[in-house]
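S.K.: Spelled out, the chains give:
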Amino acid sequence: MTRWLQRQVYRPDIAVAVFFAMVAVFFYGSIFWTFFMSLTRSTLMPDYQPIGFDQYIKLFTNHRWLVSCLNMVIFGVLYIVGTLAFGMLLAVFADRRIAAESLFRTIFLYPLAVSLIVTGLSWRWVLEPVNGLQALVRQTGWESFTFDWLTNPDRAIYTLVMASIWHSAGLVMVIVLAGLRGIDNDLWKAIRMEGIPLWRAYLQVIFPGMRPIIASCVVLLMSEVIRGYDLIIAMTKGGPGISTEMPAKFAVDYYFARVNLGLASAASIMMLVLSLVLLAPYFYTEFRRRT
Amino acid sequence: MSYVVSSRNATFGSRAARIGMYAFLVASAIFFLLPLLLVVINSLKPMEEIRQGNLLALPINPNFDAWVAAWQSACSGLDCGGVRPGLWNSIKITVPAVVISTLTGALNGYALAQWKSKHANLIMLLVTVGLFIPYQAMLYPTVKILSTVGMFRSYVGIVFVHVVYGLPYTTLLFRNFYIGVPDEISRAARMEGATFLRTFWSIILPISTNVLVVVGILQFTGIWNDYLLGLIFAGNDSMPMTVQLTNIVNNSRGAAFPNVNMAAALITAIPTLLVYFLSGRYFVRGIAAGAVKG
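Chains as they are written, first to last, in UniProt numbering: chain U, 1 to 291; chain P, 1 to 294.
One thing to keep in mind: the hints can contain errors.
Stated by the list, open to error - Computed footprint of chain U on chain P, listed as stretches where at least three residues anywhere in the stretch have a Cβ under 8 Å from a Cβ of chain U: (1) 20–30; (2) 35–41; (3) 105–111; (4) 165–174; (5) 184–196; (6) 257–264; (7) 275–281.
What the hints assert, rightly or not - Computed from the model, here is a short list of chain U residues facing chain P with C-beta under 10 Å: (8) 86; (9) 124; (10) 136.
Keep in mind that the hints were calculated from the coordinates and are not lab data.
None of these values were measured; they are calculated from a predicted model.
For every residue, glycine included, the Cβ atom is placed at its ideal position computed from N, Cα and C.
Same shape as in the complex, but just chain U (with noise of 0.2 Å):
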């Protein structure tokens, strides 16, 4: 035993044990926990009786976590692709050698470094429709221009997406530019001796090629749309009515606001299951391609 201890000094288990447990303990744990309470009637305090999957149906038949997913695919896809097309055009473009570019990278990835909650009180106020753009253009002579998505319940969601694309395109940029300049130079020469016109190079031959890079961006960017919650906060409070609801928050609300433990850990649970489909094939390939 002391033997047996004398060596592990000179071992990395005893810091690998430690590890595991809190990742096992903090978050796998806390799954299992969490989904067994959504298998129960638990409101505000945790209640371990069993009763099946009722709160799933109970879910499934609220309108607002329907809106909330809703939301949640109109939100994901549009910023999604918004995103990735804005970010790969910038990273293209700084790719082509111009003029200062550090300076543009700088001011293109620096709301990466602010936070959702400034970002989305910042935008907020730029599109308020009384103070903001909208009352700016009026002043101008344009009495009747109207530019109230933020307070508009069928728009709203798209001024969401407008300000988080502004919050990511950055990040986008970055992760393909490093791959871009990864390229072997052969490849660009073989390019231009097919005489490939350059728009059908990047769009057939160089991203095809930076699939991995660009799988990776969409994992990241996806996370952010199942987890987004701050930007919401800051920005529509879910509103006009619940027309920007989504799901991260509803569960929250469920959580703290509206004490109803079982219903949101059943929410929780669904985001869970979302974020494992959404990334088992990107996973799938990682794992396959390290073993």
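With the hints as your guide, set chain P onto chain U.
M.R.: Frame of chain U; chain P shown alone:
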């Protein structure tokens, strides 16, 4: 064939394309700068000028009155002490949380890189999946665990949560770095009789300064900008700045002072922006390292 690439660093062939590209870049720069610029401009205006409702107009009498008010007298609920206490709380939370999570991440990452097991890949996969678990699926059990030991809604509690929730992330970043460090270094140290901790502390840490800075910056930005964990796990007397800022902005009592709110938002954003501008290269490297895992 004017638009054909001549070499990888060639410019666009046609002049028109080149002008179009710069137009796009400048327009993008304006898009990125505009919101924050408007906030800065309007935070320098007195209320009379704000009421005229022209966001883009430069302040006629620029002054820092709104900043002073935001700093020491803006109200959140009944409490009218500005963002000053929040700033102090955020510093008190962020500094230890960054130091502890970075160092434990380095230790764990080194241990994992040294640890040889045939299940290593599977376990690394579980840790990596841990990065993508939505906090919502972990929040409530963490609340229960922390209340059991009396750390819920306390200063120690929020620091602890930041460290634990950040653990898989920092550990993986360091592991990916240490995997590339030659094994001979550790082996030589063990030959000399150095223990695992001793090797880590005196040999491995000193050669990791770059990655320590990168991870430290990532953790600093993440923890300073956090809202959700602070909202749930911080006590009333350890509330971070982001939470206090939203309380000030959403304070419905009395008149609204957009200029003061904007100044408060800027004060909240300054620390991470400073880190970004002062450490640009490291910040960018961190993003690349964090994104392209493995």
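S.K.: Are the hints correct? Go through all of them and say.
M.R.: Consistency of the hints with the structure:
Under the rule that three or more residues need a Cβ within less than 8 Å of chain U, the assignment of the stretch 20–30 of chain P holds, with 6 such residues. Figure legend: the stretch 35–41 of chain P, annotated as covered by chain U; annotation consistent (4 residues with Cβ-Cβ distances under 8 Å, at least 3 required). With a threshold of 8 Å between beta carbons, the proposed coverage of the stretch 105–111 of chain P by chain U holds, since 4 of its residues qualify and at least three are required. Proximity of the stretch 165–174 of chain P to chain U, defined as three or more residues with a beta carbon under 8 Å from a beta carbon of that chain, is established by the 4 residues found.
Counting residues of the stretch 184–196 of chain P whose C-beta lies closer than 8 Å to any C-beta of chain U gives 3; at least three are required, and the coverage claim holds. Note: the stretch 257–264 of chain P has 3 residues with beta-carbon separation from chain U under 8 Å; the three-residue rule is met and the coverage holds. Remark: the stretch 275–281 of chain P is confirmed as covered by chain U, as 4 of its residues place a Cβ nearer than 8 Å to a Cβ of that chain, reaching the required three. The interface hint given for residue 86/U is met, as the beta carbon of that residue sits about 8 Å from the closest beta carbon of chain P, less than 10 Å.
Of the supplied interface hints, the one on residue 124/U holds, with its beta-carbon coming within about 9 Å of a beta-carbon of chain P, less than 10 Å. Checking residue 136/U against chain P by beta carbon gives a least distance of about 5 Å; that is within 10 Å, so the hint holds.
Comparing the model with each numbered hint stated earlier shows that all of them hold.
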